[in-house]
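Taken in sequence, the protein lines are chains A and B.
One gets this note's numbering by counting positions in the first sequence from 1 and adding 24 to each.
One gets this note's numbering by counting positions in the second sequence from 1 and adding 24 to each.
Derived from the structure by calculation, the hints contain no laboratory data.
Misleading hints may appear alongside valid ones.
Put simply, identical chains are the same to the list, so a pair is met inside one copy or across any two.
In silico DSS-like pairs for lysine-lysine, Cα to Cα no more than 30 Å straight-line [said to hold, decoys possible]:
#1 Lys218 - Lys308
#2 Lys138 - Lys386
#3 Lys37 - Lys442
#4 Lys106 - Lys616
#5 Lys39 - Lys158
#6 Lys445 - Lys365
#7 Lys189 - Lys671
From a predicted model like this one, the values you see are computed outputs, not experimental measurements.
Listed below, chain by chain, are the residues.
There are 2 protein chains.
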Amino acid sequence: MIDWKLKEEGFDKEKISYLGNKFLTGNGYMGVRGTLAEYGKENLAAINLAGIYDKVGDGWREPLNAPNGFYTYLVVDGEVLKLPDVNPEVHYTELDYRNGIFTRHSEWDTARGKITFDSERFVSMSDVHLGGMKFKVTADFHADVEVVYGIDGDVWDINGPHYDKLEYIENDVIGIIGTTHEKGYKVAVCGGDKTSFPCEKKINVHDKKVLKSINFVTDINKEYVIERFFGVYTSKDCENCVEEASKEVTVALRNGYEDAIEKHKDKWNSLWENSQVIVEGDDKAMEALNYSLYHLHCIAPRHTDSLSIAARGLSGQTYKGAVFWDTEMFILDFFLMTEPKVAKSLMKYRIDSLSGAKEKAKSYGLDGAFYAWESQEGGFDACSDYNVVDVFTKRPMRTFFKDKQVHISSAVVYGIGKYLKTTGDTSILSEGGAHTIIECALFYYSLLLKRAVRDYYEIHDVIGPDEYHERVNNNGYTNRMAKYTFEEAVNVINLKDELSEEEQEILSQYDLDDLKNKFTDAAENLFIPQPNENGVIPQFDGYFDLEDASIDEVRSRLLDPKEYWGGAYGVASHTQVIKQADVVTWLNMFSKEFDLDTMLKNLEYYETRTEHGSSLSACMYALLACKCNRPDKAYDFFMKSASADIKQGGKEWAGLVYIGGTHPAAAGGAYMVALQGFGGLSFDGDEIIVKPNLPESWNRLCFRVNYNNRLYEIDINEAGVTKKELS
Amino acid sequence: MIDWKLKEEGFDKEKISYLGNKFLTGNGYMGVRGTLAEYGKENLAAINLAGIYDKVGDGWREPLNAPNGFYTYLVVDGEVLKLPDVNPEVHYTELDYRNGIFTRHSEWDTARGKITFDSERFVSMSDVHLGGMKFKVTADFHADVEVVYGIDGDVWDINGPHYDKLEYIENDVIGIIGTTHEKGYKVAVCGGDKTSFPCEKKINVHDKKVLKSINFVTDINKEYVIERFFGVYTSKDCENCVEEASKEVTVALRNGYEDAIEKHKDKWNSLWENSQVIVEGDDKAMEALNYSLYHLHCIAPRHTDSLSIAARGLSGQTYKGAVFWDTEMFILDFFLMTEPKVAKSLMKYRIDSLSGAKEKAKSYGLDGAFYAWESQEGGFDACSDYNVVDVFTKRPMRTFFKDKQVHISSAVVYGIGKYLKTTGDTSILSEGGAHTIIECALFYYSLLLKRAVRDYYEIHDVIGPDEYHERVNNNGYTNRMAKYTFEEAVNVINLKDELSEEEQEILSQYDLDDLKNKFTDAAENLFIPQPNENGVIPQFDGYFDLEDASIDEVRSRLLDPKEYWGGAYGVASHTQVIKQADVVTWLNMFSKEFDLDTMLKNLEYYETRTEHGSSLSACMYALLACKCNRPDKAYDFFMKSASADIKQGGKEWAGLVYIGGTHPAAAGGAYMVALQGFGGLSFDGDEIIVKPNLPESWNRLCFRVNYNNRLYEIDINEAGVTKKELS
């Protein structure tokens, strides 16, 4: 079995940004990068906030980082002991990902003796505005110690600074209130501490920090423990965020550190109870998988009923803190199985940002709802028309992610559809889901083209999941998903009498009979690419006419390792080499429509042509390999997906811009492979179907799932499959 | 008045390639670059043949250059006197463009005295296989002279060598027979000479040349004249091209040089009689214009009834010797007015290459006839998918000239339409024109798209005349030309009973009633962009949404002066800056459909946004300016068009590839501006309408035109307009 802990021995400057992601702690409201307490923005320290954004000048709009309430360092005999400047003799950090606790241990040999610094910290899962930290100083001599801690308002920003103004509170409870540039949001962070030994405390403000220094002289080998808390509230959370943040700290101090951490651990425990996945026979897989789920828990929006998850979770401002199709296609399933309430919040975010999607469609002369490729508050599309910089000319390149990746709206419908199918909870339709689906169908309907010489509809000029091929016609994935959207819209229209009065009132604004006819016609007559004589489905019109060069051959044509493979002239663009699963994704989602032979032929054809330039790719190959009864082939893809954050090596920098962070979609994808792939889990009406395809080394796979408002435990082991209803 | 001569004084090495074009002589069968007789391939000497092509390896297929039958140099007292190596003291060349005669005069001061070399040469307009040259040597001392002349088989090729084998004839009549690589064509060039003074003659073969040297010692100041001829035939011309080429020389020698040149001049004279344009008050304009017409005469295919004109005429292998829309849109009018038989040959070429156009359409999954963007023998499209090299990466860039510039087929229909309208000769329909038009309409019909939410047709994903904006939707020019094609096809169907039996037989294979309905529907319901609130027509969907940057601003963004302005990421691509007349071309061609105000507003809007990166652009602006009663504005554009070859400064090199040559489309465009613009010439039924708009300095404009099989002289002068029927 696994010990639910990851430990990093020693200190390596090169790993600062990687460990910042790997040792992240979070509670859905905020994510705290796994950086050391003495780090500032230059070492990518950040407390990243969910769902609140700001834009400065011509930079991208990005999520806010809060002033860092964990900021702390040690001064001994006048010498500042900060990493990475002063290396300790002994150093390790550890993440307890069962309980969301980060610990650190450092020992420095000073001129007069050894000093040891231990700390543990968490952001509370039971009270999302609260962060707690306990630290301990021990010296083997009479050290003159100053512990400096407080709140660092000099936050790391990619396109900042976002706080036009910083106000400081210098009372017993200290604080920083930042006011944002664009919308004047206030972000208040307050902090307080508790010491139970004689010491002298001073407060001062400098360099955008409010700091408290605690001075004392140590007895030999005596432990000096300090407990502290910080509270965060923003003006989006409540009327008076300063007061709330301050109260948060006062109450926590009153109840004490032990109380706070116990409640936090209890909450984690209750989460794991229904979400852990037991894998026997392969600890590495069990560890990577459950660690992936840890990350999903850290970013789940439980504190609100309408919020989604950013593509890099709460690990920073990368990818603008925006919500991509990752949520619906890769992340949603985990929450559907383990916390349907979170799943509903994710989908409610889409329903509540419908107006942004309608505006976007209108801006392109289209009808209905065209969801944002990079969705922020209100469905605003943060995606730029120029997403890539040409390495040769340093000019921004016109990309078409925003305007041509039309499959995004179908992902929203698919998400709502999965929610309905898995939870049986139709309230989501009554709360706006119904007309959201209709608006998405209207969007695709306005994209339909019919040639004068053909009797079917086509969709032209799109980008499918494979972003290396721009502006293609009849991308199979996109067309099938559009067809699905039409089908779902017809279903919703058929259900209309069962919806809430409010939703029925909204639906009465449409000519539903007319729409039903149109969508039925569209679903029946939309062109869907068919397998060729070799059983392989062309990804889009003319795909097989492209040069069939190997990935290595295509890679060898790069003149610069950083150049973009796609776009108009990229090395992959005019070849059959693709970035990520495309047809393979389609086959996974509609596998009932294909026979085994077709799935296998397409898996094999596209596998050798996929560069996997996206972390969303591997899990789709793994899933399809399982469906083709090839768990051996699936295993490496699964491990790649499950290890996206545990292993170093992901792409962290694009030129001078940090693009690293955690990979929630890969985490969610790994979960899907474990349950739906290896576990062979699927649902059919009232029935839970389990057709296992375990990797050779796995002796047991055990997990719990919510289905139709009931909780089940599935245990797959050498004796067979057990399905047990728990509630 | 003008003297019909252009003289170049002195020698300047930098002008070699420019003068090669400017002093070109030609007769439609071949073009002889205006290079000096001693030049070889390194100085771009070439005798370019019409309508015969060859391809070697991965290079482009390109037209053949014949072994150079004019090759000649002088050796005096053992010293080789060749330019550019040995500079003469006096040197000039001259082109008599009234008679198509190139002369040259050089004087060298040698160690023992001065030697003078005079030559004149022509390729016969009355006998297109014949070239004649007379040269004269004079010395002011007893020079030991060797005149070396013969045939140079070491020809200039861009993508050669094209002759796998060269055979030599070393008789009194010398010769070279080249056999081409791809199709084994034979090209035979024979040469013979006549001397009337004592001399010693020797023949030798080396360096792919067969050379005759004539040795003699000069009397002081005595003129030594040598007359010579060469004959060219290819295996495409006749069964036995070697025999024919040899006979050509023998007969010419028998009749003598004076006879040959007189017949040549008579032919030129008869051509000018009906084609010269008299401009009084502006000699510069008259010279530039008639010199332009000279070039059109030099490349007119009079020796066959089915051949077209290459975009760079017969000035070399540039642009693959291919036929572009230039012919129908810019060049055709001159021949319609002056030599309808040549005009018919141009259009017959298109009719006879219909099979190539049908194959091309089929290769793109389309119906009907998609004519070649760069048409060679049989309508083969020589255009590559990669036409531009990226200056930064040196990689070929995927361009869409071949697959998206669909307006080419409508140009063919427009050409046939103009032929019918101007000549009244419907035989062209009976000889294949009728079903050619129907096939072009079928092509556009297969391009038509209808959105599910609209009731009109659209054409997407094209390139209009402005090549800087690729893959646009509803390019106005393209859509209007497609509509025209549908209209013409309906007209042809209505006329079917008047056609030849053979053509009726072909037409019987179509369901004409069905096609008539379809084409009528298409013509009525194809979307045509309309003027916006400012009266300006968007060039394509979304054009006005592009950045409205000035041409200077866009130019200032170039990082390399040679980088391509268009393509996916060019400096112009995402701005409103366009390469060449696009909407303006449309307004010219359908000016009856627009009011003056709309024409003027569009002229002014697009004028400031046009880079004129094509020599086809200026004349369209000039024409529209005249239609807007602004001959002042038109004049500069007219002179730019008329001076394309007379002035140095055109783009001659793209990297290491020579792209220079003559500009027949600009020449034809200048002619259109003179007659249709300044002269205000148009036709309406039986009536010739003349509404002059002369530039201020022009006192008189006089020209002859053929219309409906009759010849007219139009004289516009201060007294008014005279129209006189001559035949």
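These are the hints, each one checked on the structure:
1. Lys218 - Lys308: Classified as neither: same-chain Cα gap 40 Å, cross-chain 97 Å, threshold 30 Å.
2. Lys138 - Lys386: neither (67 Å within a copy, 83 Å between copies)
3. Lys37 - Lys442: neither (44 Å within a copy, 77 Å between copies)
4. Lys106 - Lys616: neither (58 Å within a copy, 82 Å between copies)
5. Lys39 - Lys158: Answer is within; shortest intra-copy Cα gap is 24 Å, inter-copy 85 Å.
6. Lys445 - Lys365: For Lys445 and Lys365, the Cα distance is within 30 Å only inside one copy (14 Å; across copies 75 Å).
7. Lys189 - Lys671: neither (39 Å within a copy, 65 Å between copies)
Of the numbered hints given earlier, the model fails hints 1, 2, 3, 4, 7; all others are met.
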